[in-house]
Structures are given as C-alpha cells and as structure tokens.
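**Student:** Sequence:
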Amino acid sequence: MTHSYDLIIVGGGPIGLACAIEAQKKNLNYLIIEKGAIVNSIFNYPLYMTFFSTAERLEIGNIPFNCLAPKPGRQEALEYYRNIHRYFNFNINLFEKVIEVQKQENQLFKITTDKSLYEAKNVIIATGFYDIPIEMNVKGEELPKVRHYYKEAHEYAFRDILVVGANNSSVDAALECWRKGANVTMVIRKTEINNRVKYWVKPDIENRIAEGSIKAYFESNITEIREDEVEIETPDGKVTIKNDFVLALTGYKPDLSFLEKMGIQLSDDELKIPAYNAETMETNVSGLFLAGVVCGGMQTHKWFIENSRIHASMIVDYITSK
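Here this note's numbering is used: the first residue of the sequence shown is -11, the next is one more, and so on.
Check each hint, because a few of them may be wrong.
[Unchecked claim] DSS-like mimics (lysine-lysine), calculated; alpha carbons at most 27 angstroms apart, straight line: (1) K290 with K186; (2) K14 with K203; (3) K98 with K109; (4) K127 with K178; (5) K168 with K139; (6) K85 with K249; (7) K178 with K249; (8) K85 with K260; (9) K190 with K203.
It should be emphasised that the hints constitute simulated quantities derived from the structure, not laboratory data.
Go ahead and model the full structure; you've got the sequences and the hints to work with.
**Tutor:** Structure follows, in structure tokens:
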C-alpha cells in the first residue's frame, strides 16, 4: 500500500522540524522521514560540544529555548528539540531511510524507503551534511585508529594523538584531549587557526600552541599513516612522529549523489551548489524543495539553524499559495 501526503519532509533535524511546524499551521497532510533519531546530527555531535549560537537563535516554532549558560550545549539542545516534538506531536517516522525520490508522470513524487512506499505532491529535502566525512585520501586512512568523528576525550587520554584541521571540531577535540592527558599534535593546511573558530576558544588553542603544550605543524599535510606513526609533509621537509590515534576532523559534505539522482542540478565547480529559487527554495524540479545547510553544497559553513529557519515558512507559504 502506498501512503499519500501533501508534503513529505526528508530529514528530522531542527530545520525539518521547523518545516513540519509550518505544515501543521497550514493544515497540510505531511510526514517527516528521518533515518535515525530525532535531530540525529545533533545526537552525533561530541558529548560536550557547545554551540556557537545563543539559545534564542536555535528556537523553532516560537517555543522559548531556556538555557542557563550563555551558549547551549548538545545535551540542552537534545532536550529542547525532544520537547518541541512533545509539544507539536509531529507525524514522524524515525529510523527509516529514504532510498529514492522520483517525480512521476502524474506529477506526484514517489518516495521509496527501506521500509515502505509513499506518494507526495511536494517534497522538502532537509538532510544536512554530517553523514559523509571529507577524506584525506592518504595511505593508511583506512586503519581503525583513524577517526572521522569525535565523541569524547577519555579514550585518547595518555596517548599520542594527531588532530587534522583547524576548524571548530578540530580545535575542540585538541583542547579536550590535551586537558585529559593526551600528547596532542595538530596538522593544519593553512598558516593559522581558522577565523571561524568560536571566539572564546580561539585564544585558548593559540596560547596552548604558543607555549608548546600542543604541537602544531602549519602549512602541512599528512602523507602516510602507519600503525604506530604518522608521516607529515611540512615546509621544512618530512617529519615522522609517534602516533596512536588520528582524529581526521576534516569536515563533512552532503550526499550530493542523492540530490543528483532526484534530478537536482549542481553547479559545475568544486562547490557543487544545488539549483534552487532563493525566494521559494524550490529546486529546478517543480515541487522539490531544499531547506537548511544542504542548500550550500560544499559550503557547509554558509547555512546554520539560525539563518535557515526561515526556509520553512518560505517553502510552505509558496506551496499553499499555488
């Protein structure tokens, strides 16, 4: 049996939930399909991560996000979005993966998941970008000691670890691991710590590097990873250091092939920005919309919860105006 809806929302993160809130307001028959837990990307963030945004900038549905600290952390965000679900009682299928979205000759979308089949007049893709790590493509990257996701520091205490990158996730991991007793080395492609690193954290990492507590190789790249060491290409030549773990926190990217299979056009450059109308968020496929960070292609720093919440009302207002 195929279930039919006015709107199917692929992705149950904050922006997907915001879209559902707007759909409820306009009495649309909708369904959210989420491949994991509710706000699954936030669930997979490091345990003690603090958001760059203040609590009010993470709010959806005009429901206040109460937070004692100036910036909320992962646990508080999970609590908030769980309460959002309790309040709105979303029509949501969790732990169900969308395999294919295809527009049919009757102009309805056929949505195939690993559990069922659906039809919808409109589809919103709000899938984020946290599922596919950007790989370094170096020899030894497949070793078990190489991690593309970081959860907490305890496992790395009193070990030789190498952190790749100079963005927020890399800096947070380097500082947390060092404070838990790890011997931390950083490998950074550029000449300095990224300017987008949280302003209250950036001086901390720069001071730890300056005093020698954390060793950093700037303008450098890993050339090979071995069981107990790592080879690094630096401006002064190759260096080999002892190593137990590599935290390759080099960023993540949206599932671009998933977008292309739906017929969404991507820009013909390294940014791979999907085609959409900035006023309606509709893609080049009529009735197929994008919301949230997925709109930026490889520019995953462009869209956040705070500046893409508005996509929800833009899309639903357009759908209901047709």
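**Student:** With reference to the structure, classify each hint as holding or not holding.
**Tutor:** Against the structure, the hints come out as follows:
no., hint, in the structure
1, K290 with K186, "15 angstroms, holds"
2, K14 with K203, "55 angstroms, violated"
3, K98 with K109, "9 angstroms, holds"
4, K127 with K178, "21 angstroms, holds"
5, K168 with K139, "14 angstroms, holds"
6, K85 with K249, "15 angstroms, holds"
7, K178 with K249, "35 angstroms, violated"
8, K85 with K260, "23 angstroms, holds"
9, K190 with K203, "15 angstroms, holds"
The earlier numbered hints that this structure contradicts are 2, 7.
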